[in-house]
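Participant: Top to bottom, those sequences are chains A and B. For the first sequence, position 59 matches number 59 in the working numbering, and the numbering has no gaps at all. For the second sequence, position 115 matches number 115 in the working numbering, and the numbering has no gaps at all.
Calculated directly from the structure, the hints in this document are not laboratory data. Where a beta carbon is used, it is the ideal one built from N, C-alpha and C, also for glycine. Just to be clear, a hint being listed does not mean it is correct.
[What the hints assert, rightly or not] Pairwise CB distance ranges, derived in the manner of DEER restraints:
(1) P66(B) x G228(A): 22 to 32 Å
(2) F215(B) x T239(A): 33 to 43 Å
(3) G228(A) x P83(B): 16 to 26 Å
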Amino acid sequence: MPGNRTRKSWRPRIAAATAVLVSCSLLAGCSGPDGAGGDGGKVVLRYTWWGNPDRAARTQEAVDLFEKKHPRIEVQTSFSGYDAYKQKLATQAAGGDAPDAMQLDYRMIDQYASGGVLLDFAEQRSALDTGEFDAGLLATGKVDGKQYAIPQARGTETVVYDTAQWKKSGVALPREGWTWSEWADAMRELAERTGRPGATDPGQSEDAFEVWLRGRGKSLYTEDRRLGFTVDDLTRWWTFADKLRREGAVSPAEQTTQLDGTVENTPLGRGKAISDSNWDAPSSGFVALVPDGVTLAPMPSGEDGTPGQYFKPSMFMGVAADTGHPKESVQLVDFMLNDPDAAKILGATRGIPVNESLRESIAPGLKDFDKTVYDYQASLEGDLDAPPQAPPSGDSALQTTFQRDYDQVSYERMSPREAAEDYVTEAKAELRS
Amino acid sequence: MTTTTDTPVTTPAAKTVPVKRPGGRRREGAAWVFLSPWVLGAAVLTLLPMAVSLYLSFTDYDLFNPPHWVGLRNYTQMFTEDPRYWRSVGATLTYVVIAVPLQLGLALVVALGLKSMRRGRGFYRSAFYAPSLLGASMSIALVWRALFNDGGTVDNLLGTGGWVNRPGWALFAVALLTVWQFGAPMVIFLAGLQQIPTELYEAASVDGASRWRQFLSITVPMLSPVIFFNLVLQTIQAFQVFTPAFAVSGGKGGPADSTLFYTLYLYDRGFVASHMGYASAMAWVLLIVIGAVTAVLFRTSRTWVFYASEGDR
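Given these sequences and hints, build the entire structure.
Facilitator: Structure follows, in structure tokens:
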């Protein structure tokens, strides 16, 4: 039986060849993420965030300092605009390849924590000091009683405007406690006198809608994680925005559709509108884009004076549950949040720090836009209502749906009511699942 | 093209299979060893993911928690409850109908021009082919967006406003990016044109046939297998268009869903909204539709594709 013998002799060789192939692919797959080999025993961490170039420069400076203090650790950083970041992180997390340390939004925590992507900080208690954090604020990073994310800073929304242009127009400057109808009148006057829309069309922004909604005593979500508003509410909001857009008081659809979460692509950033509504810290990006500088004003209130805006933990830091270096990753988080030198470098680029002693210690040293943000927040202290609880998982997708449905309104392919019905239907489906 | 060359080659080859030769097993073993990278690759990278995706299409899977069986719900939801799904189907079909004929038409015209060219053919062939190499990249798509954005070069030159910001025009801007990458079909056309015997043209001109007549009665029929090949290939590619629309619309398929191509919506459902089951179901429907369209193309090809060898039989 010569055939049999040849077969036998081949078998181990095939097995060996297969083993080599498989192990090659495994090796290639494994050496990527943790990258701990070849670098003379250096631990390599990946740290990602979203933001503008200003934040990038300061973050890099802080990271360089971290590497200097921890020579054994190397940190590879990457950043992008919010929209791109959100998609990339979801893809990485799904593939089990989440970065070791990552910046997270309020909206991401529930989804990522319940999906097992995030490390419970209790496992590395010794590497992170949370003594200087307000307990209430710290709790915003908890899911089912476990600390999956640490709030990094606090932020609030603002009407940010081109100081020189608004003053030149002669339109009365925004004041604290102004209402949405006063805001709308100001936008109309600005458009009339400057020939440019007063603001970015707020219709596309779920954040602006939330402020408006809270001003009417409602909320995006109820405590039991259902929708906190009706088709009628959303129809009213979109009718309001739609009318202003048709009048030319806010940006046209062609401008609004280019929004992608970066200040560079806002009408104000492109020099095509007088103001924008945004979170306070990222508004620092406008300094480089608006030649004569910008001013921060409070968001409009409800008609009866109910404030809609609130202080929100502006962003969080989390660590991947399957990181190869949990201790070092948490050390990086600790450094970014608690190190006095890091705080000096970072300033208010992610909002005002939540570490209370750092907040007090850096306040006098703040300059330029950091001081603007600090003063702006100080001016609102005590006037705002409590923040809502963290949004449910489905919200992350709904934010995009909100923009898309309003796109249909601003390009006049749907009436505000049709779009609102569309949104509410999808929202109910998202929140059920 | 595959049909013309493969058929005569494989038939005689198939006859040799039953013949037993000494050492056949050994040869078989060697064949498997040499094939093993491919077999492993196909199994691990193609067949396994396909099977998983088929399974996922019957589940609700958010990427983070274990999949949960829902039967046909993804499919019924897609066809009956999701207006955005149908908008993506509409955008994709419009795109296929616009981009494919334009691209093939341009490829053929340029190939004809190159064929009759005496000098510098090599240079122009490379020059026209270059976009095909570059065009699929993200960077070119971003350049495209900058060109057709409002305040971009095209806007400044033609004063037409930003194409990518207008729902009626954005799809056309994306199609133009595809049309511009006509190099690959052009090279294939050129090869096909060079296969046509010059005697046919000489005989036709002796008979007094005009250039146009020669084109219709000689070039088109002789080239029809190549036209068919390009048509099938480009149609399949057009159905799966993703990168240009993703970059041009900033990943959203905007403005107002006008460039929300099927694959873009699939990506959105899977990776933005975390509905992997739904996205898998969409992928399977796409596979079936592409299969059906290709089958229809093959069916109709019997009436218009002419194989020179048929005359010999």
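Participant: Against each hint, give a clear statement of whether it holds in the structure.
Facilitator: Going through the hints against the structure:
1. For P66(B) and G228(A), the Cβ-Cβ distance of about 30 Å falls inside the hinted range of 22 to 32 Å, so the restraint holds.
2. At about 59 Å, the CB distance of F215(B) to T239(A) disagrees with the hint of 33 to 43 Å.
3. Here the CB-CB span from G228(A) to P83(B) is close to 24 Å, well matched to the stated 16 to 26 Å.
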